[in-house]
Amino acid sequence: MQKTLTRTHDFKLPTAILGACLLQDENELIAACMDGVYRVEIGAKKHQRIGTHESYVSSAVYLAQQQAIVTAGYDGKLKWHSAMDNGLLREEKVHGFWSWDMALSPDQRYLASVTGQYMAGDYKYSPAGETEPSVKVLNAADGQLVHALPHVPSVQSVVFSHDSQWVAAGNLMGEVRVWEVASGKQVGSFQSKDFTSWGIIKSHCYLGGIFAMEFSPDNNEIIVCGMGDMRDPMAGNGKQLWQRWNWREAKMTAQTLDKQSGEGLMEALVLHPAGESFVMGGRLRGGDWNAALFDLASGERIGSIKSGFRITQMFFNSKGELIVVGGQGQPGKEADGKFPDFGRVEIYAIGS
Amino acid sequence: MRVVKHTETNGRGRHECGSPEHRVHRRLFLQGSMASGLASVASFNGLFSIPALAEETKKQGKKCILLWLCGAPSQFEMWDPKPGTITGGPFGAISTSIPGIQISQLMPRCATIMDKLAVVRSMSTEPNEHFQGVDVLTRGEKPRPPFTRPILGSVVAQQLGQLDSPVPQFVLLDPCPEGNEFKSFKAGNWAGWLGAQYGPVRSGGEYSIPDILRPEALSEMDHEDRESLRKFLSRKFENDRRSEAAAGYNAAFERVQGLMSCAPLFDLEKLPQADRQRYGLGAFAQHALQARHLIENGSTFVMVANGMPWDNHVFQHEMHQMLVPELDNVLFQLITDLELRGMLQDTLVIAMGEFGRTPWLNEARGRDHYSKAWSLAMAGGGIRGGVVVGETDPLGFEITQNAIDNRRLFATIFKALGIDPQEQYDLPDLPTFHRVEGDAQPIQEILLG
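Chains A and B supply the protein sequences, listed in that same order.
Using this note's numbering, the letters of the first sequence map in sequence onto residues 1 to 352.
Using this note's numbering, the letters of the second sequence map in sequence onto residues 1 to 449.
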């Protein structure tokens, strides 16, 4: 059955948003932006910058039990901020390079952050091996390191299973590794070659990979997203692509259906709370949508939006509304003495 | 100012500087060829096992390595960082060996040799699209048909090289067979009015030079007989018909003859493993090492490209986090090696693309083309190190001091190499052209002497 997505709220922040989370009452949103961490009153459309990293802020999660916000950045740091007074509680230098992505386990006990600098490992630019552990699992409460796990750089996305038992990380080369959180033992891996481009036109190097993931409701499968193969990776015109994999058997079970995708990098993916659908979003390069709702069983696209900006993250609130964040192109000229805001937040109600 | 008549450079004619060193080199080269006999044909390395010849090769005139950063790199992630600003991107800036000068944190190795680098932060050129930008930044001027201005490498090869050397004087190392606009450019007339003999020999990746080894079934004597016959017949045809095409084919055949004798120079596997590791394993780094090797062994101009990977309209930071460190290491290794070998003062190293990237990010967080204010770097070969020329505003939108265009850049390059930038070209049925038009003046503050 087709669904409608109706925009109910929209507002702007000064710079593009790379990640976000809701605070407990869901009236406030924390945005990880290019120029810092913003706290937003959704109804009032007011915002204030409550902290910064030394580079872009890439992720934000909320620890309800501790009333703390944890942000990760391209400075390789994780920072804990008080949700009460916005003060900085703790910071840890976790990586030598960027934190590409950070996730919080559903039981709120663990954080996982992924890193990795892509460097040439051979004549054709296969990635060189890691110079630091690519995946780190930390105690959410105190930032203590629990596991340092190996992968092939760059590792760009990370997610926990719904029961907090597994953590999965996906990289540039389309490889996903899965570990048991308790032991740090690797328990599975699979590799999709469909998300990575090796440039035929313009350059001989690798681009793309897996940008977002989600476990299926039963935790037996992982849905991954990114962009399909391109002859010219820098065109950004690969297929809007998701795939579903049985991670234990390293077997793909479903993917974007024919004629249901346009072109563009997909970098956000999340399950609907009802567990019957998921939404994937990113950039529109060609076609007529840049976020779409898919039926989990059939893979059919059952609703879509064209936001007009690049979507970097999406999530649902307890009412089942979809929160979408991202950024427009950065303005090239000042207006009234300042550069116009280009970070975007939108909220959609989903109806039948 | 000197006027060049077209006939002076036609066919195999060439300009020689006439210096005693040049004559000594030529004599030694011929002696070396004869002394090593057949071995010199089979193995070019054998030729240069003659110490006197190797030494003379080092002493000969200036040379140039162009690290061609095709696609156009971002000045913000390299030579003109704007950390902490809305346009600065995710990377910070680091101090260098020259107090007060900072470059991108992605370039820690170059930061240690800033005293050897000259950085121009105020390049301002007109074309904002690749094909036109590549044309202007490799030829020095916009096209003006029917005159075809030779590419920089062809000019340098013609002015400073030895056409009758078995080693190609102008080499393009580029593994990428396609490359959008660069592909079109690559298919064009590189040497222009100078003639095909001054065009590049191309190698790298899928362009590895095929069929340059003599078949075992063919004896050396038979091979030379066949070549003599071919040469006689084609010269006769060329003379009878005054055919430029035949001249071009002749140049190509002669080049292949030379290539057969120096095939080992083009074999990456023959380069020391330790050097290959030190430069980095990607194609660009490997070819930069090969460029050093070619220059050491007699090439005059080597252009190292890698397709056009810098054109990051999407994945700007994701790509530059790989490309810039690779370039950083390549520049460091190359400049350090040339200095250790006593060759830096005679070898000009240039790292540049066809323009820069926008201060602002597009929706894909990529940077688009920007020719209004961009940067490049040079070292060695008549260039003063530790100098930064020009300045941009705090966000990198505009040049605030000392704008440099393509003409002044080319005047500087030619001057550094000892080539007259103002030379006139007196060609039949064409108006007078100059090597650099508009009486453009070199950037004096980065020239030695």
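Everything labelled a hint here was simulated from the structure, so no lab data went into it.
Check the hints yourself; a few may be wrong.
Listed next, the in silico DSS-like pairs over lysine-lysine satisfying Cα-Cα at most 27 Å (straight line) [unchecked claim]:
hint, chain 1, residue 1, chain 2, residue 2
1, A, Lys338, B, Lys372
2, B, Lys372, B, Lys62
3, A, Lys93, B, Lys82
4, A, Lys12, B, Lys82
5, B, Lys142, A, Lys77
6, A, Lys3, A, Lys338
Hints, one by one, checked against the model:
1. A/Lys338 <-> B/Lys372: Within the cut-off at roughly 21 Å; holds.
2. B/Lys372 <-> B/Lys62: violated (31 Å)
3. A/Lys93 <-> B/Lys82: Holds, at about 23 Å.
4. A/Lys12 <-> B/Lys82: Judged against 27 Å, a Cα distance of about 24 Å means the pair holds.
5. B/Lys142 <-> A/Lys77: Measuring from Cα to Cα gives roughly 48 Å; hence the hint is violated.
6. A/Lys3 <-> A/Lys338: Roughly 40 Å between the alpha carbons, so the hint for A/Lys3 and A/Lys338 is violated.
The structure shown violates the earlier hints numbered 2, 5, 6.
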